[in-house]
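Given the sequences, and given the hints that come with them, work out the whole structure.
Protein chains in written order, with this note's numbering: chain A, 17 to 171; chain B, 17 to 171; chain C, 17 to 171.
Don't read these hints as lab results, they were simulated from the structure.
Predicted, not measured: the structure shown is a model, and the values here were computed from it.
Treat the hints loosely; a few may be bogus.
No copy labels: a pair is met if it fits in one copy or bridges any two.
[Unchecked claim] Subject to a maximum C-alpha distance of 20 angstroms in a straight line, what follows is the list of computed EDC-like cross-link-like pairs (lysine to aspartate or glutamate): (1) K129 with D33; (2) K20 with E91; (3) K158 with D90; (4) K120 with D90; (5) K159 with E136; (6) K57 with D90; (7) K129 with D90; (8) K158 with E136; (9) K57 with E128.
Chain by chain, the residues run as shown.
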Amino acid sequence: MIFKTPTQYFLVSGASDGYMPLNAFDGALLQAGIGNTNLVKMSSIVPPHCQLISPITLPLGALVPVAYASMTSDEPGQIISAGVALAFPVDEDRNGLIMEYSAKGERREIEEKVRTMATEGMKLRGWEIKDLKSITIEYRVKKIGAVLAAVVLWG
Amino acid sequence: MIFKTPTQYFLVSGASDGYMPLNAFDGALLQAGIGNTNLVKMSSIVPPHCQLISPITLPLGALVPVAYASMTSDEPGQIISAGVALAFPVDEDRNGLIMEYSAKGERREIEEKVRTMATEGMKLRGWEIKDLKSITIEYRVKKIGAVLAAVVLWG
Amino acid sequence: MIFKTPTQYFLVSGASDGYMPLNAFDGALLQAGIGNTNLVKMSSIVPPHCQLISPITLPLGALVPVAYASMTSDEPGQIISAGVALAFPVDEDRNGLIMEYSAKGERREIEEKVRTMATEGMKLRGWEIKDLKSITIEYRVKKIGAVLAAVVLWG
Numbered sequence: 017m018i019f020k021t022p023t024q025y026f027l028v029s030g031a032s033d034g035y036m037p038l039n040a041f042d043g044a045l046l047q048a049g050i051g052n053t054n055l056v057k058m059s060s061i062v063p064p065h066c067q068l069i070s071p072i073t074l075p076l077g078a079l080v081p082v083a084y085a086s087m088t089s090d091e092p093g094q095i096i097s098a099g100v101a102l103a104f105p106v107d108e109d110r111n112g113l114i115m116e117y118s119a120k121g122e123r124r125e126i127e128e129k130v131r132t133m134a135t136e137g138m139k140l141r142g143w144e145i146k147d148l149k150s151i152t153i154e155y156r157v158k159k160i161g162a163v164l165a166a167v168v169l170w171g
Numbered sequence: 017m018i019f020k021t022p023t024q025y026f027l028v029s030g031a032s033d034g035y036m037p038l039n040a041f042d043g044a045l046l047q048a049g050i051g052n053t054n055l056v057k058m059s060s061i062v063p064p065h066c067q068l069i070s071p072i073t074l075p076l077g078a079l080v081p082v083a084y085a086s087m088t089s090d091e092p093g094q095i096i097s098a099g100v101a102l103a104f105p106v107d108e109d110r111n112g113l114i115m116e117y118s119a120k121g122e123r124r125e126i127e128e129k130v131r132t133m134a135t136e137g138m139k140l141r142g143w144e145i146k147d148l149k150s151i152t153i154e155y156r157v158k159k160i161g162a163v164l165a166a167v168v169l170w171g
Numbered sequence: 017m018i019f020k021t022p023t024q025y026f027l028v029s030g031a032s033d034g035y036m037p038l039n040a041f042d043g044a045l046l047q048a049g050i051g052n053t054n055l056v057k058m059s060s061i062v063p064p065h066c067q068l069i070s071p072i073t074l075p076l077g078a079l080v081p082v083a084y085a086s087m088t089s090d091e092p093g094q095i096i097s098a099g100v101a102l103a104f105p106v107d108e109d110r111n112g113l114i115m116e117y118s119a120k121g122e123r124r125e126i127e128e129k130v131r132t133m134a135t136e137g138m139k140l141r142g143w144e145i146k147d148l149k150s151i152t153i154e155y156r157v158k159k160i161g162a163v164l165a166a167v168v169l170w171g
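Right, here's the structure in full:
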């Protein structure tokens with residue numbers, strides 16, 4: 017194996033305005049508590065027996081594997097939302113599945129969609145679902161805004 | 017070095033419809049046999065002396081470096097294709113080069129294009145080509161479809 | 017920790033035309049001296065006490081974490097630019113911040129923008145800036161061109 021397999025995970029979300037879209041995204045990361053790390057985006061599995069923990073303070077500048085949904089918008093007043101959903105199988109020797117979704121629109125709508133996506137992903141595997149978690153955030157853009165919902169892998 | 021350098025690689029492809037574009041992509045990954053891993057996208061080199069192996073079952077949830085082409089479409093009936101090409105130099109102490117390409121259109125067309133891209137990449141290096149491999153997949157979208165062709169690095 | 021935290025970094029830039037956008041990007045990477053490695057994109061922090069070094073020759077095919085701005089264009093004659101800016105805090109136990117920006121337009125304009133982005137990022141953290149570095153590149157597209165400015169992390 018090139019990389020170690022994660023053994024812990026936690027869920028965070030954040031939203032922010034900023035000078036430019038990347039600044040808004042940076043602000044959303046800071047609000048989520050992961051703004052001073054190096055995020056490496058990956059798709060999108062919770063390894064078997066990976067433990068849910070409360071969000072921790074990550075070492076500054078650490079390289080951190082993360083699955084996330086995000087969106088930026090420069091339309092003042094627009095509502096944007098981002099969510100991730102995690103579906104876990106009854107068979108605990110199998111992995112969980114992470115789905116990400118972001119769009120214009122309210123939190124409730126995006127949360128429902130991303131949870132259905134995770135449910136559909138487990139159906140496709142033919143695996144019965146034991147547990148379905150999600151975290152979603154909604155934000156009304158002031159000038160240039162960003163939302164972020166993330167699963168951070170650690171261990 | 018932050019990460020270990022891969023010593024093995026293999027080629028896979030897949031295609032699927034799904035509830036949402038990300039579900040279709042997930043289905044394509046599952047069909048390719050890499051749907052239960054955490055893919056870390058990278059650009060796009062085969063290290064020197066890296067060995068081609070047959071596709072293996074990766075540990076569930078493992079972080080896996082991968083170079084891939086993919087595409088999703090929500091136009092029923094549309095044909096979409098994705099391909100990767102790998103060009104290897106005569107001098108085996110040098111690295112191979114991976115090129116990725118995806119587009120609307122048939123497999124043969126995309127395969128020719130991506131192979132030419134890899135050939136051009138070796139020309140740019142001034143390296144004579146010993147071997148050129150590729151894997152390409154074509155898919156006719158039902159409702160929301162995805163194609164994927166990938167080089168998985170391992171070792 | 018899944019990955020080791022980088023201890024060194026260096027700045028590079030490059031530009032090139034190419035047969036396809038990905039070939040132009042490959043050419044820009046080659047000109048920057050990082051074209052024969054496997055870049056893993058990350059967002060976008062310089063760990064505390066990470067040392068600036070002169071660009072080094074990386075092992076062929078190594079997996080390398082990198083923060084970069086890039087852009088491709090197929091409009092002959094168009095000027096495209098990419099830049100990264102790094103802001104470092106007075107408190108050296110804190111991390112530096114990397115911002116990336118690319119757009120149509122001249123180098124000077126893009127450099128000013130990306131430096132302001134990094135300055136704003138430090139303001140958002142409430143951290144006083146000790147040092148601000150940047151690297152920016154401008155390129156006039158012949159047929160299909162790409163620009164790249166990057167912070168390579170190593171250690």
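Evaluated hints:
no. : hint           : verdict
1   : K129 with D33  : between (25 angstroms within a copy, 17 angstroms between copies)
2   : K20 with E91   : neither (41 angstroms within a copy, 39 angstroms between copies)
3   : K158 with D90  : within (8 angstroms within a copy, 32 angstroms between copies)
4   : K120 with D90  : both (12 angstroms within a copy, 19 angstroms between copies)
5   : K159 with E136 : between (36 angstroms within a copy, 15 angstroms between copies)
6   : K57 with D90   : neither (24 angstroms within a copy, 25 angstroms between copies)
7   : K129 with D90  : between (24 angstroms within a copy, 17 angstroms between copies)
8   : K158 with E136 : between (35 angstroms within a copy, 17 angstroms between copies)
9   : K57 with E128  : neither (23 angstroms within a copy, 28 angstroms between copies)
Comparing the model with each earlier hint shows violations of hints 2, 6, 9; every other hint is respected.
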